[in-house]
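**Student:** Going down the list, the protein sequences come from chains A and B. What the first sequence shows, in this note's numbering, is residues 1 to 334, in sequence order. What the second sequence shows, in this note's numbering, is residues 1001 to 1334, in sequence order.
These are computed hints drawn from the structure, not numbers from a lab. A virtual CB, placed ideally from N, CA and C, is assigned to each residue, including glycine. Hints may be right or wrong, so weigh each one.
[Unchecked claim] If you want the footprint, here are the derived chain A segments under chain B, 3+ residues with CB under 8 Å:
no., segment
1, 128–140
2, 171–181
3, 188–194
4, 230–238
5, 252–266
[What the hints assert, rightly or not] Label-pair ranges, simulated between beta-carbon atoms:
no., chain 1, residue 1, chain 2, residue 2, range
6, B, 1079, A, 269, 55 to 61 Å
7, B, 1110, A, 272, 40 to 46 Å
8, B, 1061, A, 78, 30 to 36 Å
9, A, 263, B, 1266, 25 to 31 Å
10, B, 1018, A, 263, 28 to 34 Å
11, B, 1279, A, 308, 22 to 28 Å
12, B, 1083, A, 62, 43 to 49 Å
13, A, 254, B, 1017, 28 to 34 Å
Chain residues, written in single-letter form:
Protein chains: 2
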Amino acid sequence: MPLLRKPYLIFLGEVTLKSDAKTGFGLRDWCPDDVIGQWALPAGTVSLDLPVLSPADAAARGAGSLLIGVAAVGGTLPERWIPTLVQALDAGLDIVSGLHTRLEQHPALAAAAARTGARLINVRHSDRSFPTGTGLRRGGQRVLTVGTDCALGKKYTALALTRALRARGVKASFRATGQTGIMIAGEGVAIDAVVADFIAGAAETLSPANEPDHWDVIEGQGALFHPAFAGVTLGLLHGSQPDAIVLCHDPSRTTIEDYPHIPLPTLHEAIRRYVEAARLTNPAVRCVGVAINSSTLGDAAWAAYREQVIADLGLPVCDPLRGGVDAIAQTLLA
Amino acid sequence: MPLLRKPYLIFLGEVTLKSDAKTGFGLRDWCPDDVIGQWALPAGTVSLDLPVLSPADAAARGAGSLLIGVAAVGGTLPERWIPTLVQALDAGLDIVSGLHTRLEQHPALAAAAARTGARLINVRHSDRSFPTGTGLRRGGQRVLTVGTDCALGKKYTALALTRALRARGVKASFRATGQTGIMIAGEGVAIDAVVADFIAGAAETLSPANEPDHWDVIEGQGALFHPAFAGVTLGLLHGSQPDAIVLCHDPSRTTIEDYPHIPLPTLHEAIRRYVEAARLTNPAVRCVGVAINSSTLGDAAWAAYREQVIADLGLPVCDPLRGGVDAIAQTLLA
């Protein structure tokens, strides 16, 4: 993954549902200074409330890349997007994509990139090769977000914790392991796209040696309790060698999403299993808090649930969207 | 991985140490009916005591492939091998290689394969795409060999257990996950070469639904306690959904091989951790025995060690090379 060229012009295609522009909203919310404008096809109705700029105008104002901020049906590249993407390449912008289809597989894009020297970057793929993991400790401190399941706030929690640490004057870097995270950070490793033998080695590379008082806040992936993706989770855990973990959970789930035959662990069991596994490469690892995606709970239910989990676990319990994660940052630094 | 074309002509390059021809010896020992002869360059001194056949002679006698049965320094293809490999392709033999370097990267081999229609097969690489894991149970029964470390007998134990089951009249298939295993079986999945997101899915594919009384004996990889490869091990464990596991161990090791800073777990702890992890996709999993690589122990020491482990764990303890694994097969079927 080369370093991405910011700032971005966010391309919204022709989506009409906000949920299809999740990537675009994530970028706007988490790196507003890196987002210079938005551009859509005439049929598109979703807006990020950013300045509307054509690729040429965005380039003239200093944009580095056109970033595809929407999901495409089936992950493939709609033919109707091609003229806009070619215009962007002709204006000197790189194209940054999280689609399954590689951009260079479209002849018109490959030709335009060759002509202009602009880059086609597929953040979902990993074209880099990595060493195997060493298990050797390295300088600096690390915290990894882990989960009872996929897609319940590990990226969001890591971003919020990075902000909370910086607000306390602590040196902290967000380390991205998934495509939206990589777009936000401008760099990272799509850890689930790495060849299996090199998961831990890629995680070691992602979070290199650093100053003793510097924290890497690493975006977790998958879950140890996920029947398809636990291998990714374990390799990332071992390679990250976290000094601390934050457990992320959504109390509305009782089974793994899309796997109704696989029950979720209890929070206590999840913490025990993550800490047990993480001790292999960092015997001093500890859990410093629980981040809850409480979007399905009303205020009273959330307050009651939170008090109960605090009492059960003796750890700070936060929802990044409801009061932030400073209590977790405080425990991390204690 | 396409089905490999047997029988094989084993190519021994110009090695002078038996240990560099480990693959060749493994093939001769585990699938003698599939090995038609051997061929080496003039400087080679290692022999498998098979008929010496040129590629053309082997093809005339029905060979399907020339199989590279030796390791090459650095995993790359020595230039001096090329004329022999081209002769084999010209004789209509496929070339089967476990080297890191892909055969088709050598222009002379790529040209000869294109000219003759013979295939260049790199068993170390995975060019197939797999679905993500489902975690859904499927018909048939499965036993997986697992280990306290890498390279201590998981393949050997799985092969021996397959033989022991067949000797008892049980339907059993060896399922290969590493390169030598794949060469022996003629098919399989190089599980450590799969993209991380698809490890469990590849393992599900490797061991498909079968008759209720059929056993798949699956070759394990890595170890849950290995700082580089545990992700591969966990994904293979989840996708295999084993009804039973056999723990493999080498009592001469106290730390992970090449990782002197990472201690091995006790046998008891290793079994506990494997069973705990395997329960995610098969709650009925049980450990049915321990396979010991006792090559560093004299007869008296081995007998004493074995008695002690039996007493500690209450499980059959075997060395496949010292008396076989029938006691484990018996417990498996009990």
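**Student:** A separate judgement is required for each hint: does it hold in the structure or not?
**Tutor:** Do the hints match the structure? See the list:
no., hint, result
1, 128–140, "holds (count 5)"
2, 171–181, "violated (count 0)"
3, 188–194, "holds (count 4)"
4, 230–238, "holds (count 8)"
5, 252–266, "holds (count 4)"
6, B:1079 with A:269: 55 to 61 Å, "57 Å, holds"
7, B:1110 with A:272: 40 to 46 Å, "53 Å, violated"
8, B:1061 with A:78: 30 to 36 Å, "56 Å, violated"
9, A:263 with B:1266: 25 to 31 Å, "29 Å, holds"
10, B:1018 with A:263: 28 to 34 Å, "51 Å, violated"
11, B:1279 with A:308: 22 to 28 Å, "27 Å, holds"
12, B:1083 with A:62: 43 to 49 Å, "58 Å, violated"
13, A:254 with B:1017: 28 to 34 Å, "58 Å, violated"
Of the numbered hints listed earlier, those contradicted by the structure are 2, 7, 8, 10, 12 and 13.
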